[in-house]
Amino acid sequence: MKIQLRINGRTKESDVEPRKLLAYYLREDLGLTGTHIGCDTTNCGACTVLLDGKAVKSCTVLAVQADGCDVMTVEGLEGEDGLHPLQTAFWEEHGLQCGYCTPGVLMSGYALLQSNPQPSEAEIRSGISGNVCRCTGYVNIVKAIRSASAKLAGAADDTPSESAKEVAASGKKSD
Amino acid sequence: MAKSQTELRPLGKSVGRKEDPRFIRGMGRYIDDIVLPGMLYMSLVRSPYAHARIKHVDPSAALEAPGVKLVITGEDLAAMDLAWMPTMAGDKQMVLATGKVLYQYQEVAAVIAESREQAEDAAQLVDVEYEPLPAVVDPIQSLDPDAPVLREDREKKSNHIFHWEAGDKEATEELFRNAPVVVKQNVRFPRVHPSPLEPCGCVADYQSSTGKLTWYVTSQAPHAHRTVLSMVSGLPEHQIRVISPDVGGGFGNKVPVYPGYVCAIVASLKLGRPVKWIESRTENISSTGFARDYHMTAEIAAEEDGRVLALRVKTIADHGAFDAAADPSKFPAGLFSIVTGSYDFKESFVEVDGAYTNKAPGGIAYRCSFRVTEAAYLIERVMDVLARRVGVDPAELRKRDFIRKEQFPYQSPTGWTYDSGDYEKTLDLALEKIGYEELRKEQAEKRARGELMGIGISTFTEVVGAGPSHTFDIMGIKMFDSAQIRLHPTGKVLARLGVRHQGQGHETTFAQIIAEELGLSTEDVLIEEGDTDTAPYGLGTYASRSTPTAGGAAALCGRRIRDKAKKIASHLLEAGEDDVVWDGVSFSAKGLPDKSVTMKDIAFAAYTNVPEGMEPGLEATYYYDPPNLTFPHGAYIAVVDIDKGTGAVKVRRFLAVDDCGNVINPMIVDGQVHGGLTEGFAIAFMQDIPFDEDGNCLAPNWMDYLVPTALDTPHWETDRTVTPSPHHPIGAKGVGESPNVGSPAAFVNAVVDALAPLGVEHIDMPIFPWKVWEVLREHGVNK
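As they're listed, the protein sequences go chains A and L.
Sequential numbering from 855 applies to the first sequence in the numbering used here.
Sequential numbering from 257 applies to the second sequence in the numbering used here.
In isolation and in its complexed conformation, chain A is listed as follows:
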């Protein structure tokens, strides 16, 4: 079946089998391999992407169901002026280890902050409860989302913290 959708701001047209899952379409047809597969029962959330602004588990959506939709993956987080504050915060607060859950958690965190810019710890834990992480014990993920929330709130007065500048600078060097 022919489908057309917007991925990270760009329009894509593809011909896919109706049974193809969105996660595999993103990974195999589009080469967007940041979206991961961690289970076969929709528990883990490693495949979380935004579908028309909503966090969905792309292993449980058919690619044909995304026809005409706007899809955002982890690869779409970084803007022209560098890493998204959520990405920087995960780095600064050590919110990742093996990195396998990270893309999905970032997308759930992104969706959470869109709908609730100043979440409490309980709201953060609830907001990412569809995402399993085996490495971090969630402590630093919660910290990172709080920190990103503060950064985004502070973005209005446009004063990034010293450490954020440092990390952003070393990030450019490591590319």
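In case anyone wonders, no lab produced these hints; they're calculated from the structure.
The structure presented is a predicted model; accordingly, all values stated were derived computationally and were not measured.
We put the beta carbon where it would ideally sit given N, CA and C, even for glycine.
Honestly, I wouldn't trust all of these hints.
Claimed, not checked - No farther apart than 25 Å at their CA atoms in a straight line, the calculated lysine-lysine pairs in the DSS-like style are these:
#1 A/Lys997 to L/Lys325
#2 L/Lys259 to A/Lys997
#3 L/Lys697 to L/Lys681
#4 L/Lys526 to L/Lys348
#5 L/Lys269 to L/Lys748
#6 A/Lys997 to L/Lys269
#7 L/Lys259 to A/Lys1005
#8 L/Lys570 to L/Lys269
#9 A/Lys866 to A/Lys856
#10 A/Lys997 to L/Lys906
#11 L/Lys570 to L/Lys413
#12 L/Lys846 to L/Lys823
#13 A/Lys874 to L/Lys325
What the hints assert, rightly or not - Heads up, incomplete: computed chain A residues facing chain L, CB under 8 Å, no partners named:
#14 Gly888
#15 Asp894
#16 Cys898
#17 Asp906
#18 Gly907
#19 Val918
#20 Trp945
#21 Gln951
#22 Tyr954
#23 Thr956
#24 Ser983
#25 Arg988
Stated by the list, open to error - What follows is a list of derived Cβ distance ranges for each label pair:
#26 A/Ala976 to L/Lys689: 20 to 26 Å
#27 A/Gln858 to L/Ser585: 33 to 39 Å
#28 L/Lys689 to A/Ala1007: 30 to 36 Å
#29 L/Thr673 to A/Thr895: 54 to 60 Å
#30 A/Glu934 to L/Glu707: 54 to 60 Å
Start from chain A and add chain L according to the hints.
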């Protein structure tokens, strides 16, 4: 919060991770991200029965399905002498079943097709006819002489795998005969699974033009896998390149070689095209290395005041259908004999008997440090049983029995030499920080009101860093590890190690060690692991051995480079070598601190201006054979409240004080502890892989085998004391597995402590709410 990578003297600082920039952008490169030209896809056919004869396997319908290139059966592999493969435990394991299957989900055939979907479709068409046999799922029943013999391939016609023992039996019996107090407790450590978020998989790429096999694989021990593969396949080792790319968590699951790997390699050899195999979560849980499954009985002989005399342990170990436990070869029960723990037992005798059952193989995994999880859980649980029996507070009892700090290096009754420890200091910090006295008062008040609150302590000793070559080997290969450091002319460093991280931050922490030794910043040091063509030979990452072994190698390799650098410095400074001093960042002539050269200057000189007769360049390799293991320890305290109506246990607080000697990167150690505590919590309260009497696996996926989310997981508090390892080059001990080793006992001790007023003495994990609910009802609590 992470610090910049540009600081000099980075050791001991929370340097931000080098790994993160690619992972937060979705630019990691994990196994299933790898796509090669002409790559085919493999899917496995698995047994629906736990125990059955295979009457026949008919691949003809599958072979005619669209896109199918090859179907491999057990008989095909038998013709190549590959139907069985050796295991690290010295047993053998079926690759694809011939004759019969021995566990549900066992590998029966492999289907290779042009696409993932075609391979999966065609796998449904392989026709296998089975004749079911009675399954044996209980290891105690399996050891009954009348039980059906599962492994007809073995000479020994019984389900008994091995008997192993440690300690002095007679001396232990003697102390038990005369002891004023003896306590005894049966304790089961249930079968659980490490379940890394990324399942196992590989891409095998055999190029007939060069005769070289490149094997991308989720591997914690790529060099060992290369050697094993060479020995099994007959391919020369220099023609095998194993690449372990970014690994999405291992937790011990990615140490063994699995049948799927072998089938993908065989398929690539036969077809001359790359073959990818990625297992599903269900396949991962049901067929790859499980953890624990120890049925233990412990007895402690003690004085009336709780001072321990002797420990006696009998264990039945359920190893499944093949003994594939990933142990050093002389240790069929791992390092379980560390079971005397942090306490000064006079004597101890420990026995373990392994049993075959109709279940998947494994045993060693999930932060176990080779069975230390079982040992630490058992002794910490039974010390509480003793405390209750003699009427002494569990913290006070532990203090009475601790090995004193002046007793180190301490010779344990089962033969270990503990390197260092200050157990009382660590426990005191934990007690003070959690407010132990206050908590006990609060508990007394709550008990008076009929409320159920419990406090659980675990003061464990770990043993990690296998290990010294005189004792430790994997299939004959000594358990050293290695580092290779090369300085480029501009002072930038490429360093490679024989270990393989799966998220533990080696790219950052090994850079810290090397930068510290060379007076550089971590930013100047690039760390690589996992490619056997480029990295020096090492035994891999598991059992928290990276810091003890490769960490030692990295420091000593750095010092080897510094020795040469000093000679070049003496040449550049025009000073005698004895007059050149190193201040951690640069060399200077004694008494002339202004006249100095840094490692950057020396690196350049090594390629442009070496003293006459000296070999140009600046690099070194170090293979480190550790003199002993390291023995980190910890004091963990859990506080729980139990809902009498539902049986739900709420972990109100959990404090983990770890002592892993000198710390390389505190931020990373904290992250390791958070993750390990979450596993320990899951094991204590959520995880179990049960089987019904027909051998059906009842929790083969994440609907039934539970992994905690952020909502389930308590908030973790951490702290540390520092008792360096005297034998380690930088005084560092391993730590990654301590939180999983130490925490289950704290949780269970807290729950039993809460239920103690009802007369409850023990409860086996996992402590599901329904189980507590039943215990409450049995003890007359009805609301």
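We went through each hint and held it up to the structure:
no. : hint                              : verdict
1   : A/Lys997 to L/Lys325              : violated, 50 Å
2   : L/Lys259 to A/Lys997              : holds, 16 Å
3   : L/Lys697 to L/Lys681              : holds, 23 Å
4   : L/Lys526 to L/Lys348              : holds, 24 Å
5   : L/Lys269 to L/Lys748              : holds, 21 Å
6   : A/Lys997 to L/Lys269              : holds, 19 Å
7   : L/Lys259 to A/Lys1005             : holds, 18 Å
8   : L/Lys570 to L/Lys269              : violated, 44 Å
9   : A/Lys866 to A/Lys856              : holds, 11 Å
10  : A/Lys997 to L/Lys906              : holds, 22 Å
11  : L/Lys570 to L/Lys413              : holds, 23 Å
12  : L/Lys846 to L/Lys823              : holds, 14 Å
13  : A/Lys874 to L/Lys325              : holds, 22 Å
14  : Gly888                            : holds, 2 Å
15  : Asp894                            : holds, 5 Å
16  : Cys898                            : holds, 6 Å
17  : Asp906                            : violated, 20 Å
18  : Gly907                            : violated, 19 Å
19  : Val918                            : violated, 15 Å
20  : Trp945                            : holds, 4 Å
21  : Gln951                            : holds, 4 Å
22  : Tyr954                            : holds, 3 Å
23  : Thr956                            : holds, 5 Å
24  : Ser983                            : holds, 4 Å
25  : Arg988                            : holds, 5 Å
26  : A/Ala976 to L/Lys689: 20 to 26 Å  : holds, 24 Å
27  : A/Gln858 to L/Ser585: 33 to 39 Å  : violated, 59 Å
28  : L/Lys689 to A/Ala1007: 30 to 36 Å : holds, 33 Å
29  : L/Thr673 to A/Thr895: 54 to 60 Å  : violated, 47 Å
30  : A/Glu934 to L/Glu707: 54 to 60 Å  : holds, 58 Å
Consistency with the previously given hints fails for numbers 1, 8, 17, 18, 19, 27 and 29, ordered from lowest to highest.
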